[in-house]
Amino acid sequence: MIVLDKVNKFYGDYHALVDVSERVGKNEVVVVCGPSGSGKSTLIRTLNRLEEIDGGSIAIDGRDIHEKGVDVDALRAGIGFVFQHFNLFPHLTVLENCTLAPVKLKRATPAEAREYAMQLLERVGLAHKRDAYPNELSGGQQQRVAIARALAMRPPIMLFDEPTSALDPEMVGEVLQVMRSLAIEGMTMVCVTHEMGFAREVADRIVFMSEGRILERATPEEFFTNPQTPRAQQFLADRRRD
Amino acid sequence: MLELIDTYWLYFLVGQYPEGPLGGLALTVLLSFGALLLAMPFGLLLGVARVSNRRAVAWPVAALVQLVRAVPLLLVVFWVYFFLPAVTGVKTGQATTMLMVLVLFDGVYLAEIVAAGIRSLPKGQLESARSLGLSYSQALRLVVLPQTLRNGLPSIVSQLVSTIKATSLGYIIGLSEVSFIATQVNTLVFTQAVEVYLILALTYFLLCFGLSQLALLLERRLNRRAAQASS
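First to last, the protein sequences are chains A and B.
Residue numbers for the first sequence, in the numbering used here: 549 to 790.
Residue numbers for the second sequence, in the numbering used here: 18 to 248.
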């Protein structure tokens, strides 16, 4: 479904992504982990062109998405993206946050969009907050709304960029629970996360990155019990100490 | 003072109208409103252009902003009034001249407020709007600008208040707005300069204070929900 082939990305002289190749199949859940500055977030942001790439190619369903002439808006409409800092629209209510894009992009009538948004809010446990504004919600609640907002576009792919990193520890669980249920339903997901418990339980595959390269790709079982590279071993040791 | 008001109130309010062109307070109010109404969209457009990634769009606007900001408003009035007809061959009336100047001047200052507001909004707002599939212009219109305008409301209002006051510069090209009329009245009565200009000052104060109170009301209304949240 998503095929990366020798993707390279530079920030000036800094080589942020080095020959990254990877495939993500339909219904697969891939967790990308690695120390900070390893290029995980950059990588996931290239998948919906929030970042451009300088070499290689990324294809989604056989279509090179970084090619000239690609309709970026249409591409993004089909890929849900969840940010570390939620980025809800503070001037809109929870429900309006979820209906804005589907209505404005004519994917649904206002009534249909509201109905589907309510289903999604129900699902993330926040239907009763439909008329609240984002600043009236806790971080965990905001992130769950952000997931519902992304799902409102009915995307076949969901990308998560450190969705729990900005949350207080007691709110991490509620967000992971939503992500877990998506994974179980067969959503194709790429998640950048430090939540190793989640990775172990939900991921089909773990991709370990360091200094812009993919150093390891393995099943959770293999990765956690028998990491191959010294860097991955170090990374896991550091995680356990936390 | 009462006698003064009694004699000249109509002249003060509308100038020589209906015998001559509309003037006085009516003209000042009309001019202010016209300028506000036209400058807002103009400023919005310039502000959005100012933060554009396309240099061909951003640079001319930046140049215009720097130029207009570096010239006294009075000079711009002179330029438009004397220079523009010489170039275009069309004589512009005083009221039209003043309106054009105010819209230009105001638009430029509003553009800076809008541009600063857009730049100061967290990058994540535009990114999350775009990641949902909204186009750049949709993201601006639906997500970025509503927040920018709300956050910038105090600056915008003070700019609009200074527009009202700036209409008095029409005096210099003989536009019969309220300051000009007051001066005329002062010349006619001669002995009551203090009273005449006191009334004039009071008039401007009421206009400007009224506008800022109106803005305050609007601001409170916008913030009401946020206030409920914290209570």
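Because the hints were derived from the structure by calculation, they are not lab data.
There's no promise every hint is true.
Said to hold, decoys possible - Below, a list of computed lysine-lysine pairs in the DSSO-like style, where the Cα atoms sit at most 27 Å apart:
no., chain 1, residue 1, chain 2, residue 2
1, A, K616, A, K574
2, B, K140, A, K652
3, A, K616, A, K554
4, A, K654, B, K108
5, A, K616, B, K140
6, A, K652, A, K677
7, B, K108, B, K182
8, A, K654, A, K677
9, A, K652, A, K616
10, A, K677, B, K108
11, A, K574, A, K554
12, A, K654, A, K616
A quick note: this is a predicted structure, and the numbers were derived from the prediction, not measured.
Review point. Which of the listed hints are not met by the structure?
Key: 4 and 10
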